[in-house]
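Colleague: Listed below, chain by chain, are the residues.
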Amino acid sequence: MDEEKQVLDPEELKKRIDAVKGHDTKSDGLKMRIDKVQSKSVGVAFRLGIELLAGMVVGVGIGILLDKWLSTLPLFLIVFFFLGAAAGMFNIYRALKGLGYAMGYEKPKDEETESKE
Amino acid sequence: LATPLEQFKVKPLIDAPLTLHGYDIYLTNSTIYMVLAVALTLLIFKLGMGKGKLVPGRMQSFVESTYELIEGMIKGNAGDEGLKYFPLIFSIFVFILFGNLLGLIPYAGFTFTSHIIVTFCLALTVFVIVTLIAIFKHGFKFLTFFVPEGAPKILLPLIIPIEIISYLSRPISLSVRLFANMTAGHIMLKVFAGFVLAMGVFGFLPVLFDMLLIGFEVGIAILQAYVFTLLTCIYLNDALHLH
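Chains as they are written, first to last, in this note's numbering: chain A, 10 to 126; chain C, 115 to 357.
In case anyone wonders, no lab produced these hints; they're calculated from the structure. C-beta: ideal position from N, C-alpha, C; glycine also. Treat the hints with care, since some could be wrong.
As the list claims (entries may be wrong) - Pairs of lysine-lysine residues, derived as DSS-like cross-links and limited to a Cα-Cα distance of at most 27 angstroms, are as follows: (1) K167(C) / K106(A); (2) K189(C) / K167(C); (3) K251(C) / K189(C); (4) K160(C) / K198(C); (5) K106(A) / K189(C); (6) K267(C) / K255(C); (7) K165(C) / K198(C); (8) K106(A) / K160(C); (9) K255(C) / K189(C).
As the list claims (entries may be wrong) - Among the chain A residues that face chain C by a calculated CB cut under 10 angstroms, a handful are: (10) D76; (11) L79; (12) F99; (13) A104.
As the list claims (entries may be wrong) - Have a look at the derived ranges for each label pair, beta carbon to beta carbon: (14) Y102(A) / T133(C): 40 to 50 angstroms; (15) L161(C) / L74(A): 22 to 32 angstroms; (16) K267(C) / I26(A): 52 to 62 angstroms.
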């Protein structure tokens with residue numbers, strides 16, 4: 010019976026509501042986002058590895074093709090190897106930037122404009 | 115004992131060689147499962163939509179919730195403009211979903227999405243269509259896609275090739291993700307199944323683990339179909355809105 014009385018006490022109730030409302034602040038939202046991300050970290054790591062690999066594959070592929078075409082073997086391979094690595098890192102950066110929102114590249118457009126306004 | 119890779123072998127169903135203009139057009143297990151996926155999709159969606167009851171039954175709610183999932187995904191990621199391309203995205207989702215799930219049928223299943231050529235063709239289709247949409251919609255302005263906003267002018271000769279390579283790497287990362295997930299899961303199932311005989315009395319342990327894994331595999335099958343479709347939506351958004 011005592012417990013029930015406590016719940017109905019307005020002061021106590023107000024405190025509880027405040028406590029619940031306080032949980033919804035931005036820092037907590039961020040924490041939840043990080044928790045959510047960490048629980049899927051294996052999948053994320055796997056995904057980022059693939060992003061890096063894809064950039065490298067395309068870079069080296071373009072380099073080798075150009076070299077075959079112009080018969081300048083190591084030149085373009087080396088140049089595009091580094092460009093491909095950079096593109097891979099760029100992919101990773103983009104993938105990480107939109108991590109908490111969806112599995113995609115960036116946060117949805119409407120959300121972005123809302124936050125700017 | 116068959117190797118864990120045996121399950122990915124593409125075999126012709128009938129031994130008689132079928133050729134057309136010098137190309138082999140065998141009916142393989144891969145093609146059969148693709149046809150099966152399409153046929154099953156048509157059947158389920160026909161059955162589900164046939165009655166159109168106010169209170170949906172199982173079939174109808176499966177169809178409706180799939181529809182709503184994709185509709186919400188397109189609206190959320192590509193905006194209302196993207197809804198024009200609903201049929202494309204919906205077909206991709208359902209085709210991959212059924213391909214992944216049909217592969218989980220014990221003994222008979224064959225996962226056509228575990229072949230890089232299949233996923234790469236799907237990804238390339240998406241890539242080409244999305245690029246064409248962008249070019250038709252924006253014309254030469256499409257080229258500004260490769261110039262990031264606010265980049266210093268001196269760095270442009272370096273950044274533009276990197277952006278182009280990054281753009282070209284999309285179909286590869288899209289296809290490798292689906293292919294690697296499906297292949298890895300199926301190999302793992304087979305490897306653990308192989309332990310059953312090797313471990314003798316304790317053979318029940320890998321069986322238990324396999325039961326757990328197959329549950330995971332169902333989850334991965336659905337998730338990867340979802341991810342592939344989601345990334346398609348995001349690429350579509352890039353094509354429609356550029357940056």
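Colleague: All the hints need checking, so say for each whether the structure fits it.
Modeller: Here's how the hints hold up against the structure:
This hinted pair does not check out: K167(C) and K106(A) have alpha carbons roughly 44 angstroms apart, beyond 27 angstroms. Proposed proximity of K189(C) and K167(C) is supported: the alpha carbons are some 26 angstroms apart, at most 27 angstroms. Restraint check for K251(C) and K189(C): the C-alpha separation of about 19 angstroms stays at or below 27 angstroms, so the hint holds. For a cut-off of 27 angstroms, the pair hint linking K160(C) to K198(C) stands: about 22 angstroms separates their Cα positions.
Taking the CA atoms of K106(A) and K189(C), the gap is near 21 angstroms; set against the 27 angstroms cutoff, the hint holds. Between the alpha carbons of K267(C) and K255(C) the distance comes to roughly 18 angstroms, so the proposed pair stays at or under 27 angstroms and holds. This hinted pair checks out: K165(C) and K198(C) have alpha carbons roughly 26 angstroms apart, not beyond 27 angstroms. About 41 angstroms separates the Cα atoms of K106(A) and K160(C), which puts this hinted pair outside 27 angstroms; it is violated.
At most 27 angstroms may separate the alpha-carbon atoms for a hinted pair to count; K255(C) and K189(C) meet this at roughly 24 angstroms. For D76(A), the shortest C-beta to C-beta distance to chain C is roughly 16 angstroms, which exceeds 10 angstroms, and the interface hint is violated. Below 10 angstroms, beta-carbon pairs count as interface contacts, and L79(A) has none with chain C, the closest being about 16 angstroms; its hint is therefore violated. For the restraint placing F99(A) at the interface with chain C, the shortest Cβ-Cβ distance is roughly 5 angstroms, inside the 10 angstroms limit, so the hint holds.
Using the Cβ-Cβ criterion of 10 angstroms, the hint placing A104(A) at the interface with chain C is satisfied: the shortest such distance is roughly 9 angstroms. In this structure the hint that Y102(A) and T133(C) lie 40 to 50 angstroms apart at CB holds, the actual value being about 49 angstroms. The beta-carbon spacing between L161(C) and L74(A), approximately 49 angstroms, falls outside the hinted interval of 22 to 32 angstroms. Range check, K267(C) to I26(A): Cβ separation about 55 angstroms, and the 52 to 62 angstroms hint holds.
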